[in-house]
Amino acid sequence: MEVINKLSLSFIICLSFGCKQKAVIEEIIIPEKNEVVFFVDNYSDSPIRIRFFRSMADSLEADYYAYQGKDTLTFPIYQPEVVLVSHKSIYSDTLYVTKGDSIRILLPQSGEAFQLSGGKKSISTSGAKQTYLDSLYRLFMISNNKFKPMEINSGFEKINLGFPHTLNKKLLKSNPDAFNLLVDGLLGELSEQIILEEGVSRSSDWEDLRLDLEKRKAFYRLMSLLRWTKSEEIKDKAFASTMFTDESIVNSRFGMGYFQNFIIQVVLEGKTDRSRSMEYINYKEAYDKLPNHMPEGELLKLGRETSLFKMVEYKEPYVEISDYLNEYMMTYQDSTFLQEFTAQFLLGYEQQISEKVGLNLLKADGSVIRFQDILIENKGKVIYIDYWASWCAPCIEAMPYAEALRNEYANENIIFVYLSSDNDQSAWKKAAERYGLSNLENSYLSLNHKNSDWVQSLKIQTIPRYLIIDTNGKLVESDAPGPKDPNIKTILEKYIPHD
Numbered sequence: 373m374e375v376i377n378k379l380s381l382s383f384i385i386c387l388s389f390g391c392k393q394k395a396v397i398e399e400i401i402i403p404e405k406n407e408v409v410f411f412v413d414n415y416s417d418s419p420i421r422i423r424f425f426r427s428m429a430d431s432l433e434a435d436y437y438a439y440q441g442k443d444t445l446t447f448p449i450y451q452p453e454v455v456l457v458s459h460k461s462i463y464s465d466t467l468y469v470t471k472g473d474s475i476r477i478l479l480p481q482s483g484e485a486f487q488l489s490g491g492k493k494s495i496s497t498s499g500a501k502q503t504y505l506d507s508l509y510r511l512f513m514i515s516n517n518k519f520k521p522m523e524i525n526s527g528f529e530k531i532n533l534g535f536p537h538t539l540n541k542k543l544l545k546s547n548p549d550a551f552n553l554l555v556d557g558l559l560g561e562l563s564e565q566i567i568l569e570e571g572v573s574r575s576s577d578w579e580d581l582r583l584d585l586e587k588r589k590a591f592y593r594l595m596s597l598l599r600w601t602k603s604e605e606i607k608d609k610a611f612a613s614t615m616f617t618d619e620s621i622v623n624s625r626f627g628m629g630y631f632q633n634f635i636i637q638v639v640l641e642g643k644t645d646r647s648r649s650m651e652y653i654n655y656k657e658a659y660d661k662l663p664n665h666m667p668e669g670e671l672l673k674l675g676r677e678t679s680l681f682k683m684v685e686y687k688e689p690y691v692e693i694s695d696y697l698n699e700y701m702m703t704y705q706d707s708t709f710l711q712e713f714t715a716q717f718l719l720g721y722e723q724q725i726s727e728k729v730g731l732n733l734l735k736a737d738g739s740v741i742r743f744q745d746i747l748i749e750n751k752g753k754v755i756y757i758d759y760w761a762s763w764c765a766p767c768i769e770a771m772p773y774a775e776a777l778r779n780e781y782a783n784e785n786i787i788f789v790y791l792s793s794d795n796d797q798s799a800w801k802k803a804a805e806r807y808g809l810s811n812l813e814n815s816y817l818s819l820n821h822k823n824s825d826w827v828q829s830l831k832i833q834t835i836p837r838y839l840i841i842d843t844n845g846k847l848v849e850s851d852a853p854g855p856k857d858p859n860i861k862t863i864l865e866k867y868i869p870h871d
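Residue numbers (this note's numbering): 373 to 871.
Treat the hints as calculated values from the structure; they're not laboratory data. Among the hints, erroneous ones may be present.
Said to hold, decoys possible - Quick list of in silico lysine to any residue cross-link-like pairs, SDA-like style, CA-CA up to 25 Å:
1) Lys802 with Ala715
2) Lys661 with Ile741
3) Lys801 with Ile741
4) Lys682 with Lys493
5) Lys493 with Gln451
6) Lys530 with Asp435
Taking the hints into account, I'd like the entire structure generated from these sequences.
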């Protein structure tokens, strides 16, 4: 990542104990006052992800990736933050960082633990009260050893969640008073404030973070108890805070999580649909009902914007999203939001998205080209097609190899075409820039990927997927090796004409 306004120093270390002098030159990047710098040495075969847990007021884009070899990542930061460092084959590590920190991450190879230095590995919690609540919670939420320990595994992370938990119903029945003490204690944690006398500076940024983390733990423990007991009393008490109806939640580090729970539990009365492949939450209904639960103002506006974003995430029909967007604009006349939202989620391309014949491709400048035109313009050349997406871990793993392959065949009679199946234009553009595709002539967003008869005929249901078209415009490899596969060069040589 490009580093701006840094002090770069070069220094020479001389080793001269009876052997020849050896010069080692290294660039040192000193973080500025409101920045944190990560120095990464990644010798594994997959990316390292650095994830910031951000507040509602921050960008939705809070994930960053470091690939094979050395990398330097620099981020603006204005308060201590929680960072999760993860990899697909290693249990994730949590770090607490603040402005001016330099963090080093070393991963020798897949399967080995991270070696981390800089930042904080832990933040001490308050004493007896927190210990008491932890003990009480463990009495009522007990591990179920009949099942295997739970893990989250994805292309970018491996998290050990431990054994699944269940409510100790026997204890609840025999000792309801203790359960009430637990609930009241968690509610107290949720409402606790850092009290400062007038004219006294804030305690410390780290103390603020500690309090936020304790509140977050208390909140999600209450949500866990609510799921098991379905107690309206717990729900009413948990969401009784004015935090959910005024704008203070926007400034909370974990405000988005609180706010989305408020929408699900209060606005939608806990209704979700688990019959689909992924849990479905009806944010159209949430949009309609939000005014019943909060007054007009910035928080209601933000709630409606959140609902619009979630409608896209849950793949609601574009016609319905457009109807809600029109209603939003009639209320707020926010042309900036309209421009950003329509550009990000392709709402100006409904016709091209719905077309079934052929393949419509969006260029970075906003123009649309048909795949057939690429075939016509490049007849006589081999075409290697790379189907990918910003959220696809194996696709991202292959990107350094894709760059190496492009460079090796730069003077050959072949073009490399990159087709993203993202439904978020912003995510596509950011990922294309990050992975070195943004300046390539043949990098596109596939608009009608889901509807195209061509895509369906090839049964492109999973990505990455690679195709080869020969010099006559004929599809000769419908499931070609990827750039990481050493066989790809042998396959390409079969079709590339040489004088």
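Against the structure, the hints come out as follows:
1. Between the alpha carbons of lysine 802 and alanine 715 the distance comes to roughly 13 Å, so the proposed pair stays at or under 25 Å and holds.
2. Taking the CA atoms of lysine 661 and isoleucine 741, the gap is near 41 Å; set against the 25 Å cutoff, the hint is violated.
3. A C-alpha spacing of about 17 Å is found between lysine 801 and isoleucine 741, which places the hinted pair at or below 25 Å, so the restraint holds.
4. In summary, the hint linking lysine 682 to lysine 493 is not supported, as the alpha carbons are separated by about 34 Å, beyond the 25 Å threshold.
5. For the hint linking lysine 493 to glutamine 451, the alpha-carbon distance of about 16 Å falls within 25 Å, and the restraint holds.
6. Restraint check: the Cα-Cα separation between lysine 530 and aspartate 435 comes to about 15 Å, which is no more than 25 Å; the hinted pair holds.
Hint violations for this structure: numbers 2 and 4, all remaining hints satisfied.
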